[in-house]
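Chain by chain, the residues run as shown.
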Amino acid sequence: MGATAMAIIRYAKDNFELEENQSVLDCLTHGGVIVPFSCRSGVCQTCLMRATGGTPTEASQQGLKDSLRLQNYFLPCVCYPDNDLEVALPDDADAQAVIPATVKSLRLLNTDIMHVELESHAQLDYRAGQFINLFQHQTQGRSYSLASVPHQDNHLHLHVRRLPQGRVSGWIHDELRPGQTVELRGPGGDCFYIPGDHAQSMMLIGTGSGLAPLYGIIRDALSQGHTGPIYLFHGSRDLNGLYLSAELRELMAHYANFNYIPCLSGDDVPAGYASGRAHDIAFAQIPNLKNWRIFLCGHPEMVRVTKRKAFLAGAAMKNIYADAFNVSQPL
Amino acid sequence: MSQQESLYEQIGGEAAVNAAVDIFYRKVLSDERINAFFDDVDMEKQAAKQKAFLTMAFGGPHNYTGLDMRQGHAHLVARGLNDSHVDAVIEDLGATLRELGVKEELIAQVAAIAESTRDDVLSR
Numbered sequence: 001m002g003a004t005a006m007a008i009i010r011y012a013k014d015n016f017e018l019e020e021n022q023s024v025l026d027c028l029t030h031g032g033v034i035v036p037f038s039c040r041s042g043v044c045q046t047c048l049m050r051a052t053g054g055t056p057t058e059a060s061q062q063g064l065k066d067s068l069r070l071q072n073y074f075l076p077c078v079c080y081p082d083n084d085l086e087v088a089l090p091d092d093a094d095a096q097a098v099i100p101a102t103v104k105s106l107r108l109l110n111t112d113i114m115h116v117e118l119e120s121h122a123q124l125d126y127r128a129g130q131f132i133n134l135f136q137h138q139t140q141g142r143s144y145s146l147a148s149v150p151h152q153d154n155h156l157h158l159h160v161r162r163l164p165q166g167r168v169s170g171w172i173h174d175e176l177r178p179g180q181t182v183e184l185r186g187p188g189g190d191c192f193y194i195p196g197d198h199a200q201s202m203m204l205i206g207t208g209s210g211l212a213p214l215y216g217i218i219r220d221a222l223s224q225g226h227t228g229p230i231y232l233f234h235g236s237r238d239l240n241g242l243y244l245s246a247e248l249r250e251l252m253a254h255y256a257n258f259n260y261i262p263c264l265s266g267d268d269v270p271a272g273y274a275s276g277r278a279h280d281i282a283f284a285q286i287p288n289l290k291n292w293r294i295f296l297c298g299h300p301e302m303v304r305v306t307k308r309k310a311f312l313a314g315a316a317m318k319n320i321y322a323d324a325f326n327v328s329q330p331l
Numbered sequence: 001m002s003q004q005e006s007l008y009e010q011i012g013g014e015a016a017v018n019a020a021v022d023i024f025y026r027k028v029l030s031d032e033r034i035n036a037f038f039d040d041v042d043m044e045k046q047a048a049k050q051k052a053f054l055t056m057a058f059g060g061p062h063n064y065t066g067l068d069m070r071q072g073h074a075h076l077v078a079r080g081l082n083d084s085h086v087d088a089v090i091e092d093l094g095a096t097l098r099e100l101g102v103k104e105e106l107i108a109q110v111a112a113i114a115e116s117t118r119d120d121v122l123s124r
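Each protein sequence line maps, in turn, to chains Y and V. Throughout the first sequence, residue numbering follows this note's numbering, covering 1 to 331 in sequence. Throughout the second sequence, residue numbering follows this note's numbering, covering 1 to 124 in sequence.
Derived from the structure by calculation, the hints contain no laboratory data. Here a beta-carbon is modelled for each residue, glycine too, at the ideal position from N, C-alpha and C. Check before you lean on any hint, since a few could be wrong.
To be verified - Derived CB-CB ranges, DEER-like:
1. V:Gly13 - Y:Pro300: 36 to 46 Å
2. Y:Asn240 - V:Gly13: 48 to 58 Å
3. Y:His155 - V:Lys103: 54 to 64 Å
4. Y:Ala271 - V:Ser84: 44 to 54 Å
5. Y:Gly31 - V:Gln46: 22 to 32 Å
6. V:Asp42 - Y:Asn291: 50 to 60 Å
7. V:Ser30 - Y:Arg249: 48 to 58 Å
8. V:Asp42 - Y:Gly276: 21 to 31 Å
9. Y:Gly276 - V:Asp119: 14 to 24 Å
10. V:Glu115 - Y:Asp153: 50 to 60 Å
11. Y:Pro100 - V:Gly13: 42 to 52 Å
12. V:Ser123 - Y:Asn240: 16 to 26 Å
What the hints assert, rightly or not - Residues of chain V placed beyond 12 Å of chain Y at every Cβ, according to the derived structure:
13. Gln10
14. Gly60
15. His75
16. Gly80
What the hints assert, rightly or not - Cβ-to-Cβ under 10 Å is the rule here; a few derived chain V residues that face chain Y:
17. Lys51
18. Leu54
19. Val86
Assemble the whole structure, with the sequences as input and the hints as a guide.
What follows is the structure, encoded as C-alpha cells:
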C-alpha cells in the first residue's frame, strides 16, 4: 500500500488508493474504471455514483436532489474524502445483495392487478414508493413498486399488473403460491416522501398500477404528519381499472387534507368520478404548481408528458418525483 | 464595486445559477423555435446540463473544452441545429437574467461568453 494514500476507494471488489488532492473520479478513471463524466466541476451530475460503504463528503452532495442525498449518492468529481469509501455506479446491479422472501398472501385487487405480500428474510431498509426487483429465476426479474410503508406494514406490498404475454407477471398471477420463497433485490428509485416541509401542497398522478408507490407515499406522508393539501388523481380507462377506492375514500374521511379524485378516460363515467385523463383533470383543477411537490407514476408516456407540463406549470425540477413503469417487450 | 470581483461573483455565483436554471429551462422548453430539440431528453439530466451551461456562461468554474461542446451537440447538428437556434438560446438566457434583475452590462458579458461557444456548438 502506498504511503501517500489518503483513503481507499473500493469499487466492484477492487481497491484503489486515493492520492492527495485527487478526486474519487480521477482515482477511479486512472485505475481503469469507466465512469461517465462531463463537467468535472460537480454540476452536470453525469458521473453520479453511490456510496455503498462510508460517507461521501458534504461538498460532493451539493445540488443533488434530497432523495438522492439520503441514499448516499454523490458526485465523485468533487469528492475528496479523508475516509475510505465503497462506491458503485447507479446501475450496478451487484451493488445490492439478493434477499430471499416468503410469499405471505396473494389477492386480486381487480381482474388484472394482484396484491402480493412478501416477508423479507432480511431487514430491507426502504422508503414507501421505492421499488424492488423480484426474480422468477436468476436471469429474469422485474421491478415492482412498494405500496407498503416501513413503519406501518409488517410486510412488503406489491401491486402486480398482469401484462399480455408478461412472463414474470404471468408467473406471479398463475403459479406463485403463499408459502413459496422468492428472491428479491433492492430497494431502488428516488420517488418517495421526504419529511421537512409538512405544509407543502402535493399533487400525485398515477395510472393503473402506478397507484402502488403513490398509495405508499400518501400513507407515509400522512403518518409523518403532513398538513398541506394532498391531491391524488388515479386514472384508468374504466371502473374495473381503479382499485383500492374504498380504502382511499376511507383515508379521505380520516384526513381532511387528503383528496382522492378517481378519473376515468373511457365513455362510461358514473357519478362520483371525474371524466377524462388523470393528468388533464389534475392540470385543469390545479393550473399553477409553483411550490408544489409532484409525484408521477405509471405509463411512461403519461409520466414524460406530465413531468414537462408540471415543470412548465411552475413546479421546480427538484420537486418533481417520477417513476415511469417501463414494460420490457415480450420476446 | 471591487474591481477584482469576477463576473460570476457580480451575478451572484452559485445561488444565481440555482435561481436561473428553472426559469431558463422553462423558457427554452416553451420556445417553439428550439423546444423540439428537447422532446426526447431526460429532464433531470437536461436540467443538470443547463446548470453546467449557466455556470460557464456566468463566468463560473467549469472544465468544458471546445471538444466537449462539439461532441455534446454533434447529434443536434445532424438534426439541423443552426445559428438561429443558438440565437434563440442566447435570447432566452438574456430574458432569464433580465427577469432576475441582472444589469444589462453583465447580461452583455454573459451573452458574449455564450456567443464564444457558437462555432464549437455548431461543429464549425
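Here is how each hint holds up against the structure:
A hinted range of 36 to 46 Å for the beta carbons of V:Gly13 and Y:Pro300 is consistent with their spacing of about 37 Å. About 55 Å separates the C-beta atoms of Y:Asn240 and V:Gly13, a value consistent with the hinted range of 48 to 58 Å. Checked against the hint of 54 to 64 Å, the C-beta distance between Y:His155 and V:Lys103 comes to roughly 60 Å, which is consistent with it. Y:Ala271 and V:Ser84 have their C-beta atoms about 52 Å apart, which keeps the hinted 44 to 54 Å range intact.
For Y:Gly31 and V:Gln46, the hinted distance range of 22 to 32 Å is satisfied, since their beta carbons lie about 30 Å from each other. For V:Asp42 and Y:Asn291, the hinted distance range of 50 to 60 Å is not satisfied, since their beta carbons lie about 24 Å from each other. For the pair V:Ser30 and Y:Arg249, the beta carbons lie near 38 Å from each other, so the given range of 48 to 58 Å is not met. A hinted range of 21 to 31 Å for the beta carbons of V:Asp42 and Y:Gly276 is consistent with their spacing of about 28 Å.
Range check, Y:Gly276 to V:Asp119: about 48 Å between beta-carbon atoms, so the 14 to 24 Å window is missed. Between V:Glu115 and Y:Asp153 the CB atoms are about 57 Å apart, so this pair conforms to the stated range of 50 to 60 Å. Between Y:Pro100 and V:Gly13 the CB atoms are about 51 Å apart, so this pair conforms to the stated range of 42 to 52 Å. Look at V:Ser123 against Y:Asn240: about 53 Å separates their beta carbons, and that is not inside 16 to 26 Å.
Interface exclusion of V:Gln10 from chain Y stands, the closest Cβ pair being 19 Å apart, more than 12 Å. The claim that V:Gly60 lies off the interface is violated: its Cβ sits roughly 8 Å from the closest Cβ of chain Y, which falls inside the 12 Å cut-off. Separation of V:His75 from chain Y is adequate, the least Cβ-Cβ distance of about 15 Å exceeding the 12 Å criterion. Every CB of chain Y lies more than 12 Å from the CB of V:Gly80, the least distance being 22 Å, so the non-interface label holds.
Using the Cβ-Cβ criterion of 10 Å, the hint placing V:Lys51 at the interface with chain Y is satisfied: the shortest such distance is roughly 5 Å. For the restraint placing V:Leu54 at the interface with chain Y, the shortest Cβ-Cβ distance is roughly 9 Å, inside the 10 Å limit, so the hint holds. At a threshold of 10 Å, the smallest CB-CB gap from V:Val86 to chain Y is about 20 Å, leaving the interface hint violated.
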